[in-house]
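> Protein chains in written order, with this note's numbering: chain A, 1 to 342; chain B, 1 to 109.
Watch out, some of these pointers could steer you wrong.
[Stated by the list, open to error] Which stretches of chain A does chain B cover? Using the computed rule of at least three CB atoms under 8 Å from a CB of chain B, they are:
id	stretch
1	110-116
2	185-194
[What the hints assert, rightly or not] Chain B side only, calculated, beta carbon under 10 Å to chain A, not exhaustive:
id	residue
3	79
4	92
5	107
[Claimed, not checked] In silico SDA-like links for lysine to any residue, alpha-carbon gap of 20 Å or less:
id	chain 1	residue 1	chain 2	residue 2
6	B	39	A	228
7	B	47	A	228
8	B	39	B	64
9	A	266	A	249
10	A	38	B	48
11	B	75	A	142
12	A	289	A	228
It should be emphasised that the hints constitute simulated quantities derived from the structure, not laboratory data. A virtual CB, placed ideally from N, CA and C, is assigned to each residue, including glycine.
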Amino acid sequence: MGMLDRYLQAVRRHLPWLRQDDIIAELRANLMAQLDDKEAELGRKMSDGEIEAWLKELGSPLQVAARYRPQQYLIGPGIFPIYRFVLRLAMTWCAVIYAIARTVEIIANGRGPEAAVGAVAQLPWVLFINAAVVTLIFAIIERSGPKLPEKWAQGAAMGNDWQHAALFNDAQFAGRKKPKTYAQAVAEVIFGWILLVWLLLVPHYPYLLMGPGVVILKVAPYKLAPVWWTFYWCIVALNALELTWRIFDLLRDRWQGPHRTRNLVKQVLGLVPMVVVLAAPGRVLIQLKNPADTAHAATLAQIDQWAYRGCEVIAVIVILQLVWMVGRMSIEAHRRRLAAVR
Amino acid sequence: MTLAENLFENLRLELRRGCLTLAVLAQLRQEHYGYTLRKALAARGMKIDENTLYPLLRRLEAQGLLTSEWREEDKRNKRFYRLSSDGEVIFSRLLKEWSDINTAITNLL
């Protein structure tokens with residue numbers, strides 16, 4: 001068997017078996033004709049060394065066979081942008097839902113920090129499985145697309161309509177980009193004042209907060225623990241601080257600014273009231289109006305426990321919000337740096 | 001290969017890909033088998049290596065743009081290709097498109 005035959009045999013092994021014979025027969029005819037031409041030019045038979053060099057030039061059998069296979073994509077360029085968008089969305093929501101679900105589960109079951117570490121360690125696998133499912137769905141769409149060209153065209157058309165609707169909806173677009181007006185900034189200050197006054201009046205006139213429900217507060221055998229006063233004054237102080245900041249911005253003609261620092265400070269200080277509540281002595285958040293009331297003592301312990309766990313969940317949510325905000329700010333800062341370099 | 005050369009090579013291949021199809025369709029208004037087609041294209045300045053041309057012929061045939069038949073010539077069985085009737089229609093449309101692009105680029109330069 002000649003060198004060319006051995007080469008063609010090697011190519012055949014990597015070809016789709018249904019078309020092997022046909023492809024090899026055609027390739028043989030073409031290569032033989034080429035070989036004839038080369039020998040005619042030389043005026044003699046080519047040596048084994050020359051044939052070997054020529055075949056090497058043609059490429060490895062695997063490479064040659066690969067060109068006869070249809071180009072295969074797991075996710076093709078047609079749907080890849082949609083795939084990337086959906087994948088990012090799915091990963092983000094998966095991480096958020098997983099974090100909240102596991103946090104609630106850990107708190108509700110009273111498990112320790114080792115459970116939290118275990119939950120964090122499992123997160124990559126959860127995300128991996130999520131990504132695999134999304135990829136599998138899109139791979140099926142990719143494969144079924146060419147087989148169902150009419151449905152495919154309808155899907156693509158729907159994609160176009162969605163883009164147009166989102167891009168040319170003036171009200172929506174303008175609402176997102178329109179800078180704050182002076183009148184809006186003044187209105188925010190006025191409403192900030194009203195909120196602060198309302199907050200200061202609540203302890204004296206509880207119906208401002210609870211409405212008719214204030215009757216229950218009066219007849220119930222329980223009352224709020226002193227820690228809630230500290231919590232209350234923290235909330236008042238936070239609102240007073242934000243109001244002052246807004247007034248300064250207004251006076252310095254900076255009401256249209258992005259207020260990144262203000263928002264970050266507000267978010268960080270927002271943790272203080274939660275820390276105050278969680279650091280309550282003996283984790284006592286609710287007390288009996290009459291300490292000698294033994295009939296309600298047992299229920300009180302249960303109510304206290306659930307109130308404390310509720311506060312823990314809220315604290316976790318506030319921390320997650322802060323992490324999310326810091327993450328977004330870091331990405332925005334990075335983008336601004338890149339834009340400045342460009 | 002430097003980064004710039006690599007980038008150029010990728011862009012060049014991208015630019016050539018569509019032109020190769022057009023060149024093959026143009027040349028196959030006359031019947032050819034793989035090797036003579038390659039020689040005819042090279043003689044007119046369009047060099048294509050075997051590993052690109054031969055699979056391309058099969059793809060174009062599968063798309064209905066070419067027809068082929070096995071025939072003996074010089075005591076060897078060879079597969080001869082020719083532009084199909086659908087291929088002729090597509091070819092004239094592609095030619096018009098290429099001509100428009102060429103005019104636009106010339107105007108830009």
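> Now look at each hint and say whether the structure bears it out.
Here is how each hint holds up against the structure:
1. 110-116: Coverage by chain B is violated here, the residue count being 0 at a Cβ distance below 8 Å.
2. 185-194: violated (count 0)
3. 79: Because about 5 Å separates residue 79(B) from the closest Cβ in chain A, which is inside the 10 Å limit, the hint holds.
4. 92: violated (24 Å)
5. 107: violated (29 Å)
6. 39(B) <-> 228(A): Distance of about 91 Å is beyond 20 Å: violated.
7. 47(B) <-> 228(A): violated (84 Å)
8. 39(B) <-> 64(B): violated (24 Å)
9. 266(A) <-> 249(A): Satisfied, since the Cα-Cα distance of roughly 15 Å is no more than 20 Å.
10. 38(A) <-> 48(B): holds (17 Å)
11. 75(B) <-> 142(A): violated (46 Å)
12. 289(A) <-> 228(A): Status holds; Cα separation ~15 Å.
Checked against the numbered hints given earlier, this structure breaks hints 1, 2, 4, 5, 6, 7, 8, 11; the rest are met.
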